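Next come the chains, spelled out residue by residue.
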Amino acid sequence: MFEVLGISSQALFGQLLIGLINGSFYALLSLGLAVIFGMLNIINFTHGAQYMLGAFTAFFLLRYAGMGYWWAIVVAPLVIGLTGIIIERLFLQWLYKLDHLYGLLLTFGLALMFEGTFRNFFGSSGLPYSVPPELQGGRNLGFMFLPNYRAWVVLFSLAVCLATWFVIERTKLGSYLRAATENPTLVRAFGINVPRMITLTYGFGVALAALAGVMAAPIYNVSPQMGSNLIIVVFAVVVIGGMGSIMGAIVTGFGLGIIEGLTKVFFPEASNTVIFIIMAIVLLIRPAGLFGRGA
Amino acid sequence: MKGLISLAALAVALGCGSAQAQYTDGTIKIGVLNDMSGTYSDLSGQGSVIAARMAVEDFGAAAKGMKVEIIGADHQNKPDVGSNIARTWIDVDKVDVIVDVPTSSVALAVNEIVRDKNKVFLVSGAAASDLTGPKCTPNTIHWTYDTWALANGTGKAIVKTGGDTWFFLTADYAFGHALERDTAAVVEKNGGKVLGRVRHPFPGTDFSSFLLQAQASKAKIIGLANAGSDTINSIKQAAEFGITSGGQNLAALLAFITDVHALGLQTAQGLILTEAWYWDLNDADRAFAKRFAPQYKGIYPTMVHAGVYSAVTHYLKAVEALKSDADGKAVVAKMKEMPTDDKLFGKGTVRADGRKIHPMYLFEVKKPAESKGPWDYYKVRATIPADEAFRPLSEGGCPLVKS
Amino acid sequence: MKLADNALGGPVRMLAKPNLGEGFAFALMAAALIVAPLFAYPVFLMKALCFALFACAFNLLIGYVGLLSFGHALFFGWAAYVCAHAAKVWGLTPELAIASGTAVAAVLGAIVGALAIRRQGIYFAMITLALAQMMYFFAVQAPFTHGEDGIQAVPRGRLFGLVDLADQTNMYVMVLVVFLAGFLLIYRIVNSPFGEVLKAIRENETRAVSLGYKTERYKLLAFVLSATFAGLAGATKALVFQLASLTDVDWPMSGEVILMTLVGGLGTLFGPVAGAFFMVTLENYLTTIGQWVFVVQGAIFVVCVLLFRRGIIGELAQFLRIKL
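Protein chains in written order, with the numbering used here: chain A, 1 to 295; chain B, 1 to 403; chain C, 1 to 324.
Check the hints yourself; a few may be wrong.
[Claimed, not checked] Derived SDA-like pairs (lysine to any residue); straight-line CA-CA distance at most 20 Å: (1) B/K297 - A/P128; (2) B/K220 - B/E188; (3) B/K94 - C/A31; (4) B/K117 - B/P138; (5) B/K367 - A/T117; (6) B/K94 - C/N170; (7) B/K367 - B/K379; (8) B/K323 - B/T165; (9) A/K97 - A/L186; (10) B/K117 - C/L184; (11) B/K329 - B/G65; (12) B/K297 - A/S9; (13) B/K297 - A/L127; (14) B/K67 - B/R53; (15) B/K218 - A/A288.
I should point out that these hints are in silico values taken from the structure, not numbers from a laboratory. Nothing here was measured: the structure is a model prediction, and the numbers come from that model.
Isolated chain A (complex conformation):
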């Protein structure tokens, strides 16, 4: 077909599709972060570790309980979401009255603890987790061979992201959430249990991270550092999208995945840094992020 800068259109579409797949992970993770930040004003540094925990839970469920991928998709987010709730009750709730940076430091410490513990028991070579049999194989799209599993990742992430956005922006529960973020005292005066909402929101955000982890398990290595490698990129995504914006996180996540994919084709050595370069540029032009409200 046609050529763009020396790359055939076939290769180009293939790379775009791959970028979209990677973008799904960025979107899911930055969505979780955005939800938590929007509600609690805490940067959840533990997000990467919770993503990792989701993947490991899937591995354990398979290895020790014989529960396969489809169970893991439901059980792992619930289990890890529960640990998130415990974290919030045990640690985070004492920090709301303090400077928000303490929350960052605490979650950073928790991330170190989780990652360190798992590193000790599981080294770093990673553990195998295979694609569920229903999703194995793929179809030849002409310009590339698309594994079924990767297609599933894109579609499912998109569905989860849009569902989350819908709940937060368009339902009554979501409106309570948004109101509580802006003025918790007033909302409490209406009789709504704000602390419980906060706890559940944190749990939900964490569950999203764990879900991303389960989805990553078959294609990326299940290893203790899988989260820390990813989390800083996700932070950059969130900064670009605008820290509290749900739609911003989703759009930026997918978008940056695509841009990164293109960079891998035309300028592979820069593919690690392109997201940060974009972040620097966005900050110069629009300090609040692309979709963010000023702060």
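Start from chain A and add chains B and C according to the hints.
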């Protein structure tokens, strides 16, 4: 504890009779420095300490009146951590010899320190061929394998067996570049062609984009110039995208049996790689493995562990002959003078540039049906004789070699 | 409650005279450091001193301006690289090599600061983190850093062409002098009219603006100063260990300096020093347990944030009712 050891040493020394050995601190202290909890913890890690211990036992150090102490530490694959430990070990803990050290960047740093302080450095885990090249020292012996041997083994043997078009997937950092460069040179020298290459960021997680480019090149062989989890991920994702079933073969330029174990035979079958030793080559190797595995959570010994065993054995022989461990240069000179002979590597030599010479093996990973049990992963595709396996002495650029 | 309210929780002190407590503490610290090599391994001490200076530099920003930088490893590590390169490849004498490293850190500080200062609080932290990470990847690929290997076998050289720094004692004296000088300079900055404005900005920026201060400029200058001192620490460290590697620019290094300052006491003068010595000593004992170091560090973070926010020196100062 320390008091007890000195007392024991004294007693043994007294009871020893005639020729009394002068060991620094009365003890021969061996420091096993490697990655105990990271990417390379399975292929070296605590297993190397176990291998060293087995070497000391088999040598019969106690019966010969030699007090040998083994300590281990984790360098976390970081040159600053590794060099700090090495420095403290030598200055404060009176360590006489440092062994193993996977991760070339750490090995290069420790190399300098050991030379400055005149101790002994026996490298088993690291790959950098510079250790017997421009960076060679009279205190270091590079034992098990190096990038040149791997490039030569994998590159040459594959080209000779029909894999003559290559595409490289390279980790974009110094080690990856070096591996790619060495292998490309060997491929072209033997009549193959390099169709292209792509550099992936290090460390990477998703190689799908780069693998697609490799696939599009239609090269018969996709050379993976990376290591550790990058290699594992590349192989996994290549299987996912149907690259291997599409007729292209993957060549892992630096891989160990522990990587194959992590991948599983289903994914790794058909992979071609070069190693210096495998537990199933002969009876002595198998016996060693049977002794080793129960001590090391069921993990079978890798070539790195075998190298530690072999190196420590030869070191002890040299120190016994010299009756002293104080002068690192002297001990290494003795090790180069004496031919090596141990259960695992058989007979061999140590060259003037510090290179230990033994045959290398080209392995292919078995299909799941061909394997009789866990760790039964390799079939031998070719044996590279010792005199061809390593870079010729004259080509290294080692200042110790008079040209 | 703002991060790092000073130890007594009170309003900003307007007097610029050093108090007796601080002077005494300084004398004690200097004396202890002078005799320390007789009791402890000098290389360990030099490491602690470099990190103490690094932590002091970081503390300048968080303790007195209220800005949490999560990317300070950028300045520390890149100064180390430049200094190592200058000493090894260009053959500069140690003081010039350190100066070049420090200068580069200052320039980087200006660039990063200009980008990051526009935001505050968490946004500021995220931006510094991301920019530092970008420079980390750049360090992985740039040829002169030698990536994974780092710049090794850096010669210590002869200070001013005269004093041979390969001698451990000479090196220690130099590092001690650098540390004490840096410490005193930071003290001077904090207790100057400039420093008072910084503290005012930390307490209430809007009010400072309404008083006519161009707060952006003050913050930027503070950032550059912090980066410069961090660079000084990094460059010195490169000569101590004769190595500059990726660890120095990686984000865990940024995390470490935060931890040191937190443990020691944010916003106190001697806190960073105490924290640095504490962490370096702890890590020394923990090398045998490998990756558990991360777990311990993480646990210390959690405990400090929840229960021990004033840090070692902060609690001590509170107990003695003096300012440290």
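Evaluation of the provided hints:
1. Proximity of B/K297 to A/P128 is assessed by CA-CA distance (about 18 Å); at most 20 Å being required, the pair is judged to hold.
2. A hinted pair counts as satisfied when its Cα atoms are at most 20 Å apart, and B/K220 with B/E188 qualifies at roughly 14 Å.
3. Distance hint between B/K94 and C/A31 is unfulfilled; the C-alpha atoms sit about 30 Å from each other, more than 20 Å.
4. At roughly 12 Å between alpha-carbon atoms, B/K117 and B/P138 fall within 20 Å of each other, so this suggested pair holds.
5. A C-alpha spacing of about 35 Å is found between B/K367 and A/T117, which places the hinted pair above 20 Å, so the restraint is violated.
6. The straight-line distance between the Cα atoms of B/K94 and C/N170 is roughly 24 Å, outside the 20 Å bound, and the hint therefore fails.
7. Proximity of B/K367 to B/K379 is assessed by CA-CA distance (about 10 Å); at most 20 Å being required, the pair is judged to hold.
8. Distance hint between B/K323 and B/T165 is unfulfilled; the C-alpha atoms sit about 54 Å from each other, more than 20 Å.
9. Among the hinted pairs, A/K97 with A/L186 is consistent with the structure: their alpha-carbon atoms are about 17 Å apart, no more than 20 Å.
10. The suggested pairing of B/K117 with C/L184 is violated, with an alpha-carbon distance near 37 Å, which exceeds 20 Å.
11. The straight-line distance between the Cα atoms of B/K329 and B/G65 is roughly 23 Å, outside the 20 Å bound, and the hint therefore fails.
12. Note on B/K297 and A/S9: the hinted pairing is violated, with a Cα-Cα distance of about 51 Å set against a maximum of 20 Å.
13. A C-alpha spacing of about 16 Å is found between B/K297 and A/L127, which places the hinted pair at or below 20 Å, so the restraint holds.
14. For the hint linking B/K67 to B/R53, the alpha-carbon distance of about 12 Å falls within 20 Å, and the restraint holds.
15. Taking the CA atoms of B/K218 and A/A288, the gap is near 46 Å; set against the 20 Å cutoff, the hint is violated.
Of the numbered hints given earlier, the model fails hints 3, 5, 6, 8, 10, 11, 12 and 15; all others are met.
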